[in-house]
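Protein sequence lines, in the order shown, are assigned to chains P and L. Each residue of the first sequence is one higher than the one before, starting from 6 at the first, in the numbering used here. Each residue of the second sequence is one higher than the one before, starting from 5 at the first, in the numbering used here.
Read the hints as simulated data drawn from the structure, not as lab findings. Here the structure is a predicted model, which means the values were calculated and not measured. Possibly wrong hints are sitting among the right ones.
[What the hints assert, rightly or not] Here are the simulated DSS-like pairs of lysine-lysine, each with C-alpha atoms no more than 27 Å apart in a straight line: (1) K69(L) with K49(P); (2) K128(P) with K129(L); (3) K128(P) with K69(L); (4) K139(P) with K69(L).
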Amino acid sequence: MQHGKTEKCMNDLEKKIWQLLEKITDPEIPVLSIIDLGIIRSVKVNHTSTDTPHEVLIWYTPTYSACPAVDMINTDILVSLTVAGFTNIRLEQTLFPAWTTDWMSESGKEKLKKYGIAAPIGKSCENIALADLKIACPQCGSIQTILVSEFSSTACKALYKCNTCLEPFDYFKCH
Amino acid sequence: MMTTQEIENPLIKFLLHLGDNALIMGHRNSEWCGHGPILEQDIALTNIALDQIGQARNFYQYAAKLILESSGEQLTEDSLAYLRDSWDFKNCLLVELPNGHWGRTVLKQLIVSAYQFCVYQELEKNADKQLAAIASKSLKEITYHFRWSSEWVIRLGDGTSESTQKMKDALDAIWPYTNEWTNFSDYELNILGDSHLTIRENFEEKLGAVLSEAGLTAPTIAFSQDGGKKGNHTEHLGYILAEMQFLQRAYPNAAW
């Protein structure tokens with residue numbers, strides 16, 4: 006009974022942490038939460054004794070090897086959890102399995118589009134050349150678009166131009 | 005001054021080799037920042053530089069962990085990048101060669117990306133979990149680098165008479181540095197085993213296909229330059245390190 010109660014208690018804490026993480030956004034794409042991005046792999050709360058604070062262990066996967074947002078996101082996580090009263094927080098990076106846009110939530114993809122960034126199309130394993138994809142303009146919806154560069158404001162995006170509304174836009178590459 | 009010369013462990017040597025290739029290539033690419041022919045391509049090459057430096061960090065972090073476990077020596081990704089001298093670096097010579105013009109830069113990038121693609125493709129299956137994880141992560145990024153550089157080499161090789169000539173000259177100049185990639189050292193063979201044959205075959209095929217589409221023919225010279233994997237470098241590496249390492253050496257432990 007006691008054990009079951011503790012178990013439930015832990016789950017509540019973990020749930021609370023997931024809710025806190027939901028509020029942390031990607032500093033470069035502020036409409037996306039880190040949950041939308043799919044970079045949080047697991048959250049574990051351990052409580053060994055009543056005398057020691059809960060140990061929080063968060064495993065995350067960076068989007069790109071050199072994603073400059075990682076340090077910022079880590080700081081945001083630490084601040085958010087510290088404010089919420091957690092004192093013993095460990096962030097662990099895991100590279101395997103490698104992050105993929107397949108982990109991005111559907112609501113995340115919708116938010117991206119509203120923000121003006123075309124969301125990744127298809128599955129990462131299909132590995133279709135960008136030039137062969139028809140990317141719809143997030144501004145006007147036209148598919149009369151043209152690839153300008155495979156790399157844009159960040160490594161995870163490609164730069165397109167819409168031939169209908171003539172606006173440039175970013176496409177979040179399948180990865 | 006620290007050195008990694010005495011390290012015998014083939015995995016650590018291989019990690020340093022992979023990390024050094026990525027770091028020095030990334031540093032060379034970064035020299036184009038603000039100098040690209042047009043803004044979009046300037047950004048593209050800078051993004052590739054960032055990917056390379058990120059990959060180097062992953063290899064160095066893992067190497068530092070293994071060095072700590074095997075010898076107790078406290079090293080970090082930063083000390084491996086900033087405090088070793090040129091004879092400690094195990095990168096292939098091609099990455100340290102000066103960029104030259106845009107055509108030569110994209111040709112260098114093509115050769116490096118083709119090789120990195122083929123080696124990571126095999127390392128992804130390696131029994132060492134962390135090495136496989138870094139390779140698998142890097143492979144996704146390299147796929148874009150390879151495609152980007154292929155498109156440029158094809159566009160310029162199969163372009164105007166002037167661009168074709170410049171690409172031919174560039175290929176003549178850097179071709180002697182191509183063989184070194186698949187002229188495997190003992191520590192590479194130790195980790196790669198028989199897969200080194202697959203890597204060599206895939207590399208030649210991947211590179212050959214792009215050159216052929218670009219209308220370029222690889223020179224048939226027998227002469228090949230190597231030594232980088234053992235720490236014997238061209239004079240260019242010293243200049244790169246002097247610039248890259250200056251701050252850490254003049255102001256030890258300075259932090260951003």
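Hints and how they fare:
As the CA atoms of K69(L) and K49(P) are separated by approximately 24 Å, the hinted pair is consistent with the 27 Å bound. For a cut-off of 27 Å, the pair hint linking K128(P) to K129(L) stands: about 21 Å separates their Cα positions. Pair hint K128(P) plus K69(L) does not hold up; C-alpha atoms about 34 Å apart against a cutoff of 27 Å. Taking the CA atoms of K139(P) and K69(L), the gap is about 44 Å. The hint is violated against a cut of 27 Å.
Hint check: violations occur at hints 3, 4; the rest are consistent with the structure.
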